[in-house]
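Colleague: Residue-level listing of the chains:
Number of protein chains: 2
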Amino acid sequence: MTQNFNRRGFLTKGALLTGGVAAAAATTLAAPAIAQENPEVRWRCTSGFPNSLDTIYGGAEVLAKAVSDMTAGKFQIQVFQAGEIVPQPQAIDAVQANTVEMAHTAGYYYVGKDPTFAIGTAIPFGMNQRQQFAWLYHGGGNELYNEFLSQFGIFAMPGGGSGTQMGGWYRGEINSVADLQGLRMRIAGLNGQVLAKLGASPQAIPGAEIYPALERGAIDAVEWVGPYDDDRLGFHQITKNYYYPAFWEGGPTWHFFFNQAAFDGLPEHYKAALDTAAKAASINMVALYDVKNTAAIRDLVANHGVILRPLPQDVLDAAYTASNELYDELTMTNANWAKIYPQWKTFRDQIYEWFRVAEDTFDNYVYTKQANQPPA
Amino acid sequence: MTQNFNRRGFLTKGALLTGGVAAAAATTLAAPAIAQENPEVRWRCTSGFPNSLDTIYGGAEVLAKAVSDMTAGKFQIQVFQAGEIVPQPQAIDAVQANTVEMAHTAGYYYVGKDPTFAIGTAIPFGMNQRQQFAWLYHGGGNELYNEFLSQFGIFAMPGGGSGTQMGGWYRGEINSVADLQGLRMRIAGLNGQVLAKLGASPQAIPGAEIYPALERGAIDAVEWVGPYDDDRLGFHQITKNYYYPAFWEGGPTWHFFFNQAAFDGLPEHYKAALDTAAKAASINMVALYDVKNTAAIRDLVANHGVILRPLPQDVLDAAYTASNELYDELTMTNANWAKIYPQWKTFRDQIYEWFRVAEDTFDNYVYTKQANQPPA
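Protein chains in written order, with numbering that gives the first Met the number 0: chain G, 0 to 375; chain F, 0 to 375.
One or more hints might be untrue.
Identical chains share a label here; the pair holds if one copy fits it or two copies do between them.
[Unchecked claim] Below, in silico cross-link-like pairs of lysine-lysine (DSSO-like), each with a Cα-Cα straight-line distance of 30 angstroms or less:
{"no.": "1", "residue 1": "Lys344", "residue 2": "Lys196"}
{"no.": "2", "residue 1": "Lys196", "residue 2": "Lys270"}
{"no.": "3", "residue 1": "Lys344", "residue 2": "Lys368"}
{"no.": "4", "residue 1": "Lys270", "residue 2": "Lys64"}
{"no.": "5", "residue 1": "Lys64", "residue 2": "Lys196"}
{"no.": "6", "residue 1": "Lys368", "residue 2": "Lys338"}
{"no.": "7", "residue 1": "Lys368", "residue 2": "Lys196"}
I should point out that these hints are in silico values taken from the structure, not numbers from a laboratory.
Predicted model, so just to flag it, every value in this text is computed and none were measured.
Next up, chain G with everything else stripped away, as it sits in the complex (with noise of 0.2 angstroms):
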């Protein structure tokens, strides 16, 4: 039973206390009473996302909803689309100096401050959704991550993912690691350094104009999210060539991140609230995802005629000796990789050995016994 109160609610920026009825309820009943009340708190998020991405935008409104319903209306946060209160690059920035008190984005859009912001989120042949949220939960992921954040006044709650993405949309054929020399693909973070290294010319490109990018044949590729949103942007009305797997995405887990005074200032059961609602709108996220991809990957396939193409096996060893190289060297040259990379490294051999046996096994079989049946 949590039935301490944090004082310093009432002082802070972000906790409003209305004045009239909290008065009158304070020199009328006795203290526990006041503890157990709910004070009015009003907050903004910035999301890292256009309110287009209504999935990943979402997460936040679900969040916020949640947590209004918990607390009787009383404590209330406005989610801000990417871009309308805070640049998406400044969102770590505006948490940090507590303009917003919170946001909701993807770590990895942050490797420009540092690369470690990355490991939250996803990197090339990380882990799978599931996995991913075992680490942040239960495997110490979070309190490294956290740890990390700590010195941008700032910490993170996981907060939703998307399961494995599609690797993207290619106006030509991707047959061998060849056909990634000089190929220019919007794609971002240390997934661009990673195909750097593989030849490609990775390519930072503002969500509105990718279409027009690869429409007018500026760039050669696209990777953006998965069938769903991919489906809702019409890469498909510019080429059919469409890969898979996001090596670089396995399990990409967005985060609520938070500044720290902000929170420490919340009653505790509002803190309460926001953890609950963070894991409930991360549960919430994949599942809807889950559900939206099934039916838009057949949509495109089935009324768009496009093609699904694995990126060939060369491509995926390339990428991952190009991706280990990689981890090799930042552990060399950056402290806060060098604090968490060894253990989640260590985390991933031993939950992929699990994986493989049960839950590997039960999906190939039955995925194989589904596609092999006579149409119905």
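Use these hints to put chain F onto chain G, whose structure you have.
Modeller: Leaving out everything else, chain F in the frame of chain G:
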């Protein structure tokens, strides 16, 4: 924003408002302030599991703690292990009678009432954990399940899962379907019916009696959960033959079952707290199992000489056929089953298609690379 307040919350058996403080508030504060107050509510939850299954049993405690923390200790749910106040087989009846307001158990324990109970949990060759969550949360599954449950005056929210379980411990080897003839195996529910079609003799044995029954050879095989729970029970002291996967439990999902009237009597923000905490408990349990199983399977193999054996292809194929026969029989004979199964099957087949593309390709690639890498 939710500011509705269901005044029946004060009247139901489950919702006990302590008189003194609340009465003072009622006379002193304006009406909206009452609505925001957290009334004292005390509920009881019977778990379908012994607390020795600490991860599954812990799911109800995780929910109870979150609900308490989020209501500043005012909504308390006391969790009892199976048999402590309600025998496991009567948990659904006890919720229906409002003897307890809620239970945390596996629907498939109640196939004796109706086999349709199993479909919310897991049926042979069903979905993996993420797919089952997708079906329940956003694929219309939990709505269908609750429509079925409504005839018992209850409804349910998903409450965690274990991931694909192991296929169990066998005193002898299983090299073909012939080895299943007359095999006395502890296995429950629909799963037992499928194995019976293959010639095995399923045995319903209470948890505490399983180990001695296997030890003295009263049964030939037992399926329990997965490496973590199995390791604790010590089956490896009897036999080293540990088979995978449990084709009958690809993604078993427990539920929180609620008495409908008790739930309806709660303030709206307490209902939201239960809903959010149940989702948080779900993602938390899966992550916890994934971490614990990863350590346990290493322990079993490295320290106890356990041999991981795949169930033979002909066993899987025969069970696949038998399962489909059983499902067809149930569809013909059970109206409740017939209302859910066709929708479930279509969802399963379509989500398999999507998972085969990016997700399974990613998994298979990284598992193979990791398995083939030289030892560190």
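Colleague: Against each hint, give a clear statement of whether it holds in the structure.
Modeller: Each hint tested on the structure:
| no. | hint | in the structure |
| --- | --- | --- |
| 1 | Lys344 - Lys196 | within (21 angstroms within a copy, 44 angstroms between copies) |
| 2 | Lys196 - Lys270 | neither (44 angstroms within a copy, 53 angstroms between copies) |
| 3 | Lys344 - Lys368 | between (33 angstroms within a copy, 14 angstroms between copies) |
| 4 | Lys270 - Lys64 | both (15 angstroms within a copy, 13 angstroms between copies) |
| 5 | Lys64 - Lys196 | neither (44 angstroms within a copy, 49 angstroms between copies) |
| 6 | Lys368 - Lys338 | between (44 angstroms within a copy, 24 angstroms between copies) |
| 7 | Lys368 - Lys196 | between (39 angstroms within a copy, 19 angstroms between copies) |
Comparing the model with each earlier hint shows violations of hints 2 and 5; every other hint is respected.
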